[in-house]
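Going by the UniProt record's numbering, the final residue of the sequence shown carries number 336, and the count climbs one at a time with no gaps.
Don't take each hint at face value.
[Claimed, not checked] Heads up, simulated EDC-like pairs for lysine to aspartate or glutamate below, C-alpha to C-alpha not over 16 Å straight-line:
id: 1; residue 1: K247; residue 2: E221
id: 2; residue 1: K163; residue 2: E132
id: 3; residue 1: K177; residue 2: E139
id: 4; residue 1: K247; residue 2: E132
I should point out that these hints are in silico values taken from the structure, not numbers from a laboratory.
Since this is a predicted model, take the numbers as computed values, not measurements.
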Amino acid sequence: MTNDYRFEFRPYQRRFLRSLTTNHGKWDIREGIILRLTDETLRVGWGEIAPISWFGSETLEQVLDFCRQLPGEITDETIFSIPDELPACQFGFESAWEWGSWKWGNEFFSMPNAQCPMPNAQSFSALLPFGEAALNQWETLWQKGYRTFKWKIGVDAIADELKIFESLTRILPASTKLRLDANGGLSYEEANLWLRTCDNLKANAELPLEIEFIEQPLPVEQFQQMLELSTSYETAIALDESVATLKQLAACHQQGWREIFVIKPGIVGSPSRLRKFCHQHQIDTVFSSVLETAIGRLAALQIAAELSRNNRAIGFGIDHFFEQEETWFQTLWNDL
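Assemble the whole structure, with the sequences as input and the hints as a guide.
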């Protein structure tokens with residue numbers, strides 16, 4: 001039996017409180033689409049399409065083109081036949097379908113008044129600002145309960161970053177876990193230097209800080225070199241940009257990657273196919289935000305709760321990059 005849904009969507013823009021700087025450049029405004037599906041019984045499902053084209057998803061223009069060409073009434077077949085070239089659309093429509101179908105339990109379905117369920121902050125990894133600002137920002141986040149932090153590298157000169165890193169490792173409290181995220185911005189020589197530095201830190205009993213992993217040290221096209229590095233050092237490597245979509249995730253696993261996979265549900269593609277892959281292969285995962293709103297985050301956290309393994313903090317400690325959402329959302333929902 002095929003179900004029919006009334007389909008509505010609305011683009012949004014959210015300005016960061018401060019620019020997010022990575023190897024890919026500065027990011028000032030988060031843009032995406034909120035969508036709503038209403039079935040014949042008037043049950044509503046909310047979804048979000050939050051593409052990051054420079055990370056591997058479709059562009060916002062492609063998302064808008066796709067949504068605009070859809071009729072006002074769509075079916076299950078429409079939702080589950082979205083092409084792989086539109087992974088953020090697959091996530092947005094399928095998660096809205098799950099929401100409206102009450103696949104997650106009925107305590108979440110009174111949006112817009114419901115709050116996104118937030119695990120204890122210790123379950124989250126908080127994103128630090130790049131550069132020296134991290135030396136001051138970490139304490140505020142620590143006081144909020146975060147014990148795992150991510151810090152961007154590959155942005156400034158490596159000598160300067162290594163000096164900041166040394167300072168950071170000496171001021172962070174014991175039991176802290178630190179992730180270094182290069183966004184593919186290191187050379188092979190620089191990656192070796194970072195990994196060697198982290199291994200030396202592990203050998204220093206006076207520094208109890210744990211370097212959990214280095215994330216995406218090399219560009220996507222240098223997969224074989226990352227595979228080689230993963231067997232040469234004790235410090236773990238996590239793939240991120242290399243596994244942005246489900247197709248890439250399957251390809252890297254097929255080529256022998258057995259360390260950590262950072263999965264961004266908001267752009268990886270179909271939630272149902274992701275679940276099937278993870279259950280089949282039992283991969284070591286870290287689930288991470290695409291700086292989505294509470295709607296997309298709810299769906300992503302549901303996936304993370306189902307599929308996370310090895311007790312790794314999930315990368316959703318990003319609330320400090322935006323203003324509170326309630327007023328902004330209320331305006332959007334009233335307009336829809």
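Going through the numbered hints above, which ones does this structure break? Give me the numbers in ascending order.
The structure conflicts with hint 4 only, although it agrees with all the remaining ones.
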